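Keeping the supplied structure of chain A fixed, place chain B upon it in accordance with the hints.
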Amino acid sequence: MSMEEQIQVPSKDFPVVLLTIYSVENAGIRYISSALQREGFDTSIIFLRDWVHNNLAMPTDHEIEIALELIAAKKPKLIGLGFMSSLYPIASEVSRRIKERYPDIPMVWGGIHPTSDPENCIKEVDYLCVGEGELAAVDLCNALHTHADTTNIPNIWARKDGEIFSNGPRPLLQELDWLPYPDIRDENKYYIEGGKYTIEEPWKRTAEYRIYFSRGCPYNCSYCYVSILRDVYEEKGRKFYRARSVEHILGELEMARKAFPKLARVKVDDDTSFAFGDAWMDEFLERYPKEVGIPFECLLIPPMLRPDMLRRLVDAGLVRVQTGIESASAKESKEIHNRSPGNRSIMNFAEYNKELKLNIVYDVIIDNPHATEDMKLETAEFLLDLPRPYDIYFYSLNYFPGTSLTKQSLEDGSLDPNLVEGKATKAWRQFRVSMDWPRSDEDKFYLAIYCLASKSFVPRSFIRNLIDNREHWKQNVEPIFYLAWTANYIKMFNVAYRYFRAGELTWFKVRQYASLRKLISQ
Amino acid sequence: MGLRARIKAKIKEKIKDARSLMAIVHEEANHPGRPQPHMAARNPLWGGETGGKSDDKPASNTEVTQPAAKKSTSEPKEELDGDNDFWYLRGDDEGWSDPNPGQS
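The listed protein sequences correspond, in order, to chains A and B.
For the first sequence, numbering that gives the first Met the number 0 gives the first residue as 0, with consecutive numbering after it.
For the second sequence, numbering that gives the first Met the number 0 gives the first residue as 0, with consecutive numbering after it.
Calculated directly from the structure, the hints in this document are not laboratory data.
Quick caveat, the model's predicted, so the values are computed rather than measured.
Some clues are possibly wrong.
As the list claims (entries may be wrong) - For each label pair, taking beta carbons as the anchor points, the in silico distance ranges come out as:
#	chain 1	residue 1	chain 2	residue 2	range
1	B	Lys-7	A	Ser-514	16 to 26 Å
2	B	Gln-35	A	Thr-59	21 to 31 Å
3	A	Asp-415	B	Lys-7	52 to 62 Å
4	A	Asp-230	B	Lys-13	21 to 31 Å
5	B	Lys-7	A	Glu-290	48 to 58 Å
6	B	Lys-7	A	Tyr-351	54 to 64 Å
7	A	Asp-467	B	Lys-13	41 to 51 Å
8	A	Ile-104	B	Arg-18	45 to 55 Å
9	A	Ile-489	B	Gln-35	18 to 28 Å
10	A	Lys-422	B	Gln-35	40 to 50 Å
Backbone N, C-alpha and C fix where the C-beta goes; we use that ideal spot for every residue, glycine too.
Chain B on its own, in the form it takes in the complex:
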């Protein structure tokens, strides 16, 4: 490939990149506010990570030990304290101290 063709290909690539960036910015501008966490987590403009190289092989052989938190040899135990005693609802904080009407 000649020098001219290489430069041309490089320019084409850069234009394509710029268009991709424009498309992403355009999309973001049409959606005001921060994306929800699962979307932000994939979005490079919100600090997200879209993953490794696109041709990454599936990590099916990753050795992950999946600990069992507890064996379910018995039924879960019961706790009957009621749910109307939230400590932060008992203070005098700006109206939030009152339980919501539907709850009390």
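With the rest of the complex left out, here is chain A:
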């Protein structure tokens, strides 16, 4: 691959505006943009607000007006909008405003929500992109540009003269090195926030570069969007889980290093990282430290948590590992989440990590109405047995349209259709699980136990005592719940104190972050 190859100057008179809401980190839209640019199309991306907390309100009229004016200035021949299910109400309203102002410009939706609920989404726009979109977007733009038929493009649903054309997906792209690097240039990015816009790639404000080494996932957990995509791409005989070459990845990171002035770490954002085989691993572990050398973090599956592999990853720069427990109950894992339990691997890793001293974060799912108390208890006991310190990514169980869990729950009547994301918006309001979310006393009790279990300064014997007396505490949960809340305070004050002492936290940063949150809450 030659690094000298430059992106083509737009050769086609067909500007495209891509828009995303509350999704500055959206990689998909950047991939679409660069794929279109490579084909000679002129693209711009509008980022409508950033997502730093759960209060995702409708952008103001003024902000939407800015977006409309930017669209007017770009004179696009196609407008694309990518979004997640929880943002459907906002995306729908913004799209309505765009169509109202520019009724003659065709509009296409893409992303996981249109992929999971195309039948309803196609009623609102001209086109949908279902599944992976780079090739489909190129085909759609070429067809529109040459006034060719747009009703028979694989992956593209079209609505024309009241008729709906639903086209199945093309075979999954197998050779990921065919993809261009994501578009992270500044000059074609418009970031709308706080009632004004700037021309910049907003991603570059952070010190972290997020990269995908692969697409797909070898697993098929029932709550995950992967189960939707597996339904879309149900063909056999092709790889669903695909890796890029090390060469291609290092090329992208070289670009990122030049483009991100503050780059200090790399987040490998794969659903499952480093499960690509020994030859791939050997090449990566040999070349990454020499050619990139930036600390990185990733999600590893339990079988990867082997001492020899971890040691090599740490030597290459791994500083933080995320791994999914979700539930430590074998029954809940297998029967509800469609996962195999990896408790022993995780426990072995946790023991070994005393030597490695990696920062480790475990994924845990709470608020699962299908989980029995025994299942929650098993998770509590497992968390209590894990060596500290560790952090937890809490996930409040959400029902995304089209996942196998949602389909099953709708089928057996255990799920109110109004609680499916798109109609519901819980996924963003509980994107970061909050203590004050309404939940049952039993769920409050176990959330409190999970919180306490991960705090090194709370004696395990004390937590075990609470668990032993759980019948009492579930009926009188408030003291335990507020104790856990207080423990959260202590932890965060301690973190702030340590960061201040180390010089990593300054009053300037505090003011800046407080102001950012206030700005976005308006």
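Just chain B now, kept in the frame of chain A:
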């Protein structure tokens, strides 16, 4: 501005800073667990960076060469190996060795 006024302004500023910190800690305490990466990346209490000075000019003139990974002169090639042969699912590792039920 007199000395007294300056001291008063300084104290006010420090109180405001402390309140900001309290507000952030309060928010974090209400959200147990680590924030997701894109949130942590902006959050100073989780080692994140919120960017340069708030009045930074947009970096629109930054010279970044955007290399094209490959020219798409032809359709991507196909590879039909199937996806049921993951090397790490063939061992004997704690139950994860079995492909998930929905996959096999």
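So, going through the hints one by one against the coordinates:
no. : hint                              : result
1   : B/Lys-7 to A/Ser-514: 16 to 26 Å  : 22 Å, holds
2   : B/Gln-35 to A/Thr-59: 21 to 31 Å  : 25 Å, holds
3   : A/Asp-415 to B/Lys-7: 52 to 62 Å  : 57 Å, holds
4   : A/Asp-230 to B/Lys-13: 21 to 31 Å : 57 Å, violated
5   : B/Lys-7 to A/Glu-290: 48 to 58 Å  : 55 Å, holds
6   : B/Lys-7 to A/Tyr-351: 54 to 64 Å  : 56 Å, holds
7   : A/Asp-467 to B/Lys-13: 41 to 51 Å : 46 Å, holds
8   : A/Ile-104 to B/Arg-18: 45 to 55 Å : 47 Å, holds
9   : A/Ile-489 to B/Gln-35: 18 to 28 Å : 23 Å, holds
10  : A/Lys-422 to B/Gln-35: 40 to 50 Å : 23 Å, violated
Hints 4 and 10 from the list above are not met by this structure, while the remaining hints are.
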